[in-house]
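All chains should be built: construct the whole structure from the sequences, respecting the hints.
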Amino acid sequence: MTGNKHSIAFLQRLQPILEKYVSDKHGVKGVGIGMNAARTDYVFRVLVESEEDAGDLPKQVEGVEVQHQVTGPIRAAR
Amino acid sequence: MQLDSVINLQAEVFQDVFGFVEAPGAMASAAAVDEVASFVHPRALDDGIAQVQRAAVSLEAADFAGYSDPSRAVAPVTRRARGRVHRNETDRMALGVGHKAGGLEDEFELAVVYQDRKPDYGNLLRQIAEKGRGEVRLIYGGIVRAAAPWHRERNSTLRMGSSIAHRRVGAGTLACFVKDRGTGRVGVLSNNHVLANTNNAGLGDEIRQPGSVDGGGSQDRMASLAGFVPLLFGGATNHVDCAWATHDDPPRGEDRTGRYDSAGNRVGQLSGVLQGNVLPGDFVTKIGRTTGYTQGEIDLINVNNLTVDMGGGAIARFDGQLQIKGLSAVPFSRRGDSGSLIVDQNSEPVGLLFASSSTGGFDNTGLTWANSIGIVLNLLNLEVLK
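Taken in sequence, the protein lines are chains W and B. With our numbering as the guide, the letters of the first sequence map in order to residues 1 to 78. With our numbering as the guide, the letters of the second sequence map in order to residues 79 to 464.
These are calculated hints, taken from the structure and not from any lab test. Idealized CB from N, CA, C, for every residue including glycine. There may be inaccurate statements among the hints.
Now the in silico label distances, taken between C-beta atoms and shown as ranges [as the list claims (entries may be wrong)]: (1) B/Ile217 x W/Gly27: 39 to 49 angstroms; (2) W/Lys25 x B/Ala225: 27 to 37 angstroms; (3) W/Val61 x B/Ala225: 23 to 33 angstroms; (4) W/Pro73 x B/Ala207: 20 to 30 angstroms.
One-sided and incomplete, this derived list gives chain W residues near chain B with beta-carbon spacing under 8 angstroms [stated by the list, open to error]: (5) Gly30; (6) Gly55; (7) Lys59; (8) Val61; (9) Thr71; (10) Arg75.
The structure is reproduced here in structure tokens:
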């Protein structure tokens, strides 16, 4: 998206670093790339099962904001 | 009987046997078109319930009989005091006017359609018959239920979004019609956990439309499992949850490009597969067996290390997934929508729905995850038919 401070390609290069840091933390369900609420920049979003699982997540990586999102259990949709 | 006489008899039965009263003014508007009175139970008037359901007060007047009067011939509704509206005797009967069986063209009779094979309201039926002096026909109609939307029923012409499943799986969704790039064989696409029973199926296994939870049986076999990408467990990385099945002979009709909402209205036509990348914020839609046509937005791309319960606590890990959130209080997906094709604003396929949560997203209605459709098609060596 034009006007964004960071590019998706930049975030994709950083993503493995964040994933390695959070992957073993309890309740982490995944890591993805989204947009901030103002839709002005791309951010990392760490998916967590409950709010309690978001306690010690980093706030940013290399200047890219890290948000968290509570998903509850994720199940195959059958 | 003359038509007017039967209509009068119908009114008498509603009033004298059911204990209903004539619906006033606006409540009767649905019936007023035909200049036929409409009847409801008196308490329905008090509660104002009939006003919001006035369209039902003609032949289905008995729908309101749950609010019955113990002084009348119908049974008292003692259970309503528990806070729920329960079906009563008159809930299970409808009155209509029809041509007299075996009669002349201008001979009519009152028809009583009842829902129970062995009704415990035989006394009520007798009262109606006596009132009609033999000019009444009793018709066993069976239980009347709201019709299921097309995507949960057997499709004589198959559509994207309809219920489909391996014979041992309840139900998932038919994503789209596909063709094998090598052999040219034609079939349908969905998830491994829908068509291949989460790796527990063999090639050639029976695929039903609709799935068994939607009433599908062996007579609804429409395809045979043709291929799937095995799901990996134990921490190994998956990119897709996909399978496909080839049509059995004789094939049913199919609408390969039409996209329809739950009411059967055409909402779009499938286009080619998106060649570029989908981005956060992109508008998407899907048609699924459970929630039908819904609209959403790409919330996240490149979702890695996504851990999904594939059933029975078996956890599979996925990389490179799309996350979608709904745009309204209606969930973008629910159980049974697995296999739905997700398309962008140009009706170009972008994803294959496979997982969901019941929390998160817009209004906490849950989130949805999908495989990249390009990877699905490459791994199965398929192309989308359009």
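Hints and how they fare:
no.	hint	in the structure
1	B/Ile217 x W/Gly27: 39 to 49 angstroms	violated (59 angstroms)
2	W/Lys25 x B/Ala225: 27 to 37 angstroms	violated (48 angstroms)
3	W/Val61 x B/Ala225: 23 to 33 angstroms	violated (53 angstroms)
4	W/Pro73 x B/Ala207: 20 to 30 angstroms	violated (57 angstroms)
5	Gly30	holds (4 angstroms)
6	Gly55	violated (18 angstroms)
7	Lys59	violated (18 angstroms)
8	Val61	violated (14 angstroms)
9	Thr71	holds (5 angstroms)
10	Arg75	holds (5 angstroms)
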